[in-house]
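**Student:** Now for the letters of each chain:
Protein chains: 2
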Amino acid sequence: MNSKFDEKLKEFKEYLSKLEYLESTIALLSWDSMVNAPRGGIGYRSEMIGYLSGEAYRISTSDKMKGFIEYFSECQDSDYIVKAMAEEAKRNYDRTKKIPENEYKEYTIASSNSTAAWEEAKEKGDFNIFKPHLEKIVNYKRKFVEYLGYKENKYDTLLDEYEPGITTKKLDEVFSEVRDAIVDLLNKIKKSGYTPNTDFFTKQFPKEDQKEFSEFVLKKMKYDFEQRGRIDESIHPFTINFGNKDVRITTHYYENDFRSALFSCIHEGGHAIYEQNITDTLKGTMLGKGASMGIHESQSRFYENIIGKTKEFWSYFYPEALKRFPQFEGITLDEFYKGINFVERSLIRTEADELTYSLHIIIRYEIEKELINGNIEVEDLPDIWNKKYNEYLGIDPKNDEEGVLQDMHWSDGSFGYFPSYALGNLYGAQFLNKMEKDLPHLYEEIKKGNLLHIHEWLKENIHKYGAVYKPADLIKKVTDEELKAKYFIEYLNDKYTEIYNL
Amino acid sequence: MNSKFDEKLKEFKEYLSKLEYLESTIALLSWDSMVNAPRGGIGYRSEMIGYLSGEAYRISTSDKMKGFIEYFSECQDSDYIVKAMAEEAKRNYDRTKKIPENEYKEYTIASSNSTAAWEEAKEKGDFNIFKPHLEKIVNYKRKFVEYLGYKENKYDTLLDEYEPGITTKKLDEVFSEVRDAIVDLLNKIKKSGYTPNTDFFTKQFPKEDQKEFSEFVLKKMKYDFEQRGRIDESIHPFTINFGNKDVRITTHYYENDFRSALFSCIHEGGHAIYEQNITDTLKGTMLGKGASMGIHESQSRFYENIIGKTKEFWSYFYPEALKRFPQFEGITLDEFYKGINFVERSLIRTEADELTYSLHIIIRYEIEKELINGNIEVEDLPDIWNKKYNEYLGIDPKNDEEGVLQDMHWSDGSFGYFPSYALGNLYGAQFLNKMEKDLPHLYEEIKKGNLLHIHEWLKENIHKYGAVYKPADLIKKVTDEELKAKYFIEYLNDKYTEIYNL
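Those protein sequence lines, which keep their order, are chains C and Z. This note's numbering puts the first residue of the first sequence at 17, with every later residue one more than the last. This note's numbering puts the first residue of the second sequence at 17, with every later residue one more than the last.
Because the hints were derived from the structure by calculation, they are not lab data. Small disclaimer: the values here were computed from a predicted structure and weren't measured. Careful, some of the hints might be misleading.
All copies of an identical chain are treated as equivalent in the list; a pair is satisfied when it fits inside any one copy or across any two copies.
Unchecked claim - Lysine-lysine pairs mimicking DSS-like chemistry, simulated, CA-CA at most 30 angstroms apart:
1. Lys-339 <-> Lys-305
2. Lys-121 <-> Lys-26
3. Lys-121 <-> Lys-24
4. Lys-80 <-> Lys-121
5. Lys-121 <-> Lys-20
6. Lys-34 <-> Lys-106
7. Lys-113 <-> Lys-26
8. Lys-99 <-> Lys-327
9. Lys-453 <-> Lys-500
10. Lys-354 <-> Lys-450
11. Lys-327 <-> Lys-121
12. Lys-206 <-> Lys-114
13. Lys-140 <-> Lys-235
Given these sequences and hints, build the entire structure.
**Tutor:** This is how it looks when you write it as structure tokens:
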């Protein structure tokens, strides 16, 4: 280290801090729009966000930023964190600088129109309303890939935005294994003829009681909402943060379903704990955030499914639920446990169970990949969609509303985003395998309602590093192996063989 | 008009819009800090606000701003609104540019330390803890007056920040009349020997019931909280806005007092209605805000006291209250009305009634004026304070906590702010006099619970203009006279003569 380097690093961090302040500010304005803002204020709010986004763009793409990137990428004194800072700044710089500003502006307008068209199309169940808009969006995305460049596969460039470093080649490998394993399990489950009872989940559960119980569970998970978090309500649940000391989640209560708000709270709690546990020293580096969308989902799904749907977890929490909810009188722990792990071949991704969920994602992945590479076109989508649902899940959408039109993601050009959800499952199972080795008393502790060991393990192995490591490096560092499908497949086989007595 | 002028005006407005976006953003961040933010996030929040304030400072004091100010101040094509824009920008520019940046930074640190010292001093009832800090603050303020310049009286320069154009000379004139009139009335009330009953206000009033009733009253006032507002809770009630389409108020419910939250809602509702009714076309001019602190207070106090404490108002609302609050059973409208207008010589400004409130303010005004002009020093304050309370209100603080240490304002250097509160009362009574002439059926309508005429009159005469007119010009425009004490004095005499049968 030398003083010139230190001085320049201090300047770099101060410069990146400005971006962090702006991003946190935009996040708070968005949170407020979704949770609080009166409708009349939304127009002006968009202008405010637009101005602040413009300022963030200006900083991200400035010559000053370019200077910092060049200096710290090549400087011998840069350690791995400083290198990661420069790399992250470069990803940001390239993404915004390589696409001509005018075209990007046209794209954002097209994207906003496309989302409106998608809403209308979904409502009317008419893909043709959406088609011309989606074609525009796909064309923009294909063009952007050319601007940004690609190596082996054009789709890789889009994946990189959400999952830095992952490739189509890797996804093809792991997703095809997972797909076959799930299809196989689904067939066995069908043959088993067994259907767990779930009626008791859809009695009346007053909002205030659900709220109290969700908070009880979140406290046990050590989501800190006394000092550094809070829970609000919004149409769709989400997690948002402004630094690591103000990390908020939202949920949506349905009084006729016990599961929805509870598992969404556990899920968002997983995201929130991740952000709360990122080490303070990453402030001002732009690395004080999750390593990727997929790693983030691995944390939320770890709590929601891998821990939150075990018998051990409910050994502790079911008696607590019984104290609060006489609605469950007469239902045994075993019935309850099988109920929350009920598997059903269904059409809607957001309502899917833990087992079938990844299939919904893999269908979307396979379609996106071909679409971006020009092997299929927008007009082919409804047919391909329906064929894949028939092939993998054995069910047929009655119309496009419950088929190709169900998700918003394509309407605003978020191609490459879907795989993160399924990657989260794979990462999670591989982390679990290592955690079980590191924590021999894991399940005994869970049975006692002690989730602190899990919290600490995730913090020490994953959370504290923020985005210092790329996903592939992180999983290697934590588990000593690269990403493999087998852990998730084994996990699923073990779990459902036991529940369905296969 | 010519195209060069139009082009340049468009640029000026775009530039001012940036300032408006930043100010609205800072306001939202502050609102969130006071209403929602977890404690852990406050440190980072201050950094965010600090960054955004710095950006606002940069724009306010830029050469570009200076160029606009010079061009539009002198341009023959500028109409009165453009002139007002340039003038407002100049006030802002001068205030920030004339004080050396370093000294201002030192001052803000001293001010933050001083506030902390004030808190401690107040808690311990020890003025000496606060004294050295307050001396620093006063010295800074005296120096700033020299930097900013002054004409007749040094204190005018500080007044100008809150009440553009008002002078010590004018305040001396109106405040001394008001002071004598109130002291006189207080003596008569004492002699009358009559004390209204207020016991029934301090029964138990559940928060939810108070909330519902406050919202009922606010709806009748036509505060739009469906589309453009909302009500939250905070330690101290306040109004804040981000543009004119998102104007929020807060309150604080005390279950053992019917009056506190209700009248604070009516008060804040008055502020909020003002902001909601500023015309849309002032967006991008920096004039889309109240004309001054005093005019703003005139609106809140108009609803809180001048309308909200009349017998006509409660002729409609008391039966509504009775429907909701059996706590008032057996209490007549007359008793209720006299109860809310109960006068008491008390020590604490924030708890004072409508009549004595202005005396509390005038005491502070008289002290501030002498202090800034160097006629008295910080060490003299406790004595002078106590003497004035004895002379005007006939009561003696037992200690400095209920004396000179009660308000926060001096600790952060807000000298010149207090007069606004009393000015609000004077403006309000003068507006009322004109309103009564314009609306001959005013009180009949109030009796029916119809407050729409008031809403419309205030909107058309005051609200819609925002800060286009200076307070003195506005009151002249609305009432055809300059500010006079006599309307407020007559209003007080009439009201209390009737209630106390003087």
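**Student:** Could you run down the list of hints and mark each one as holding or not?
**Tutor:** Status of the hints after comparison with the structure:
1. For the homomeric pair Lys-339 and Lys-305, neither the shortest alpha-carbon distance inside one copy (38 angstroms) nor that between copies (54 angstroms) is at most 30 angstroms.
2. For the homomeric pair Lys-121 and Lys-26, the shortest alpha-carbon distance between copies (22 angstroms) is at most 30 angstroms, but the shortest distance inside one copy (33 angstroms) is not.
3. For a Cα distance limit of 30 angstroms, the shortest separation of Lys-121 from Lys-24 across copies, 25 angstroms, qualifies, whereas the shortest one inside one copy, 34 angstroms, does not.
4. Proximity of Lys-80 and Lys-121 under a CA criterion of 30 angstroms is satisfied in both settings, with 23 angstroms inside one chain copy and 27 angstroms between copies.
5. Proximity of Lys-121 to Lys-20 under the C-alpha cut-off of 30 angstroms is restricted to the inter-copy arrangement: shortest distance 28 angstroms between copies versus 39 angstroms within a copy.
6. Within a single copy, Lys-34 and Lys-106 get their C-alpha atoms as close as 16 angstroms, and across copies as close as 28 angstroms, so both meet the 30 angstroms cut-off.
7. When the C-alpha separation of Lys-113 and Lys-26 is checked against a cutoff of 30 angstroms, the pair qualifies both within a copy, at 25 angstroms, and between copies, at 28 angstroms.
8. Taking CA atoms no more than 30 angstroms apart as the test, Lys-99 paired with Lys-327 passes in neither setting, with 44 angstroms inside one copy and 73 angstroms between copies.
9. Only within a single protomer do Lys-453 and Lys-500 lie at most 30 angstroms apart by alpha-carbon distance; the minimum there is 17 angstroms, versus 83 angstroms between protomers.
10. In this homomeric assembly, Lys-354 and Lys-450 come within 30 angstroms of each other (Cα to Cα) only inside a single copy, at 26 angstroms, whereas the closest approach across copies is 75 angstroms.
11. For the identical chains of this complex, Lys-327 and Lys-121 are neighbours neither inside a copy (51 angstroms) nor across copies (59 angstroms), given an alpha-carbon limit of 30 angstroms.
12. Proximity of Lys-206 to Lys-114 under the C-alpha cut-off of 30 angstroms is found in neither arrangement, the shortest distances being 51 angstroms within a copy and 80 angstroms between copies.
13. In this homomeric assembly, Lys-140 and Lys-235 never come within 30 angstroms of each other (Cα to Cα): the closest approach is 43 angstroms inside a single copy and 37 angstroms across copies.
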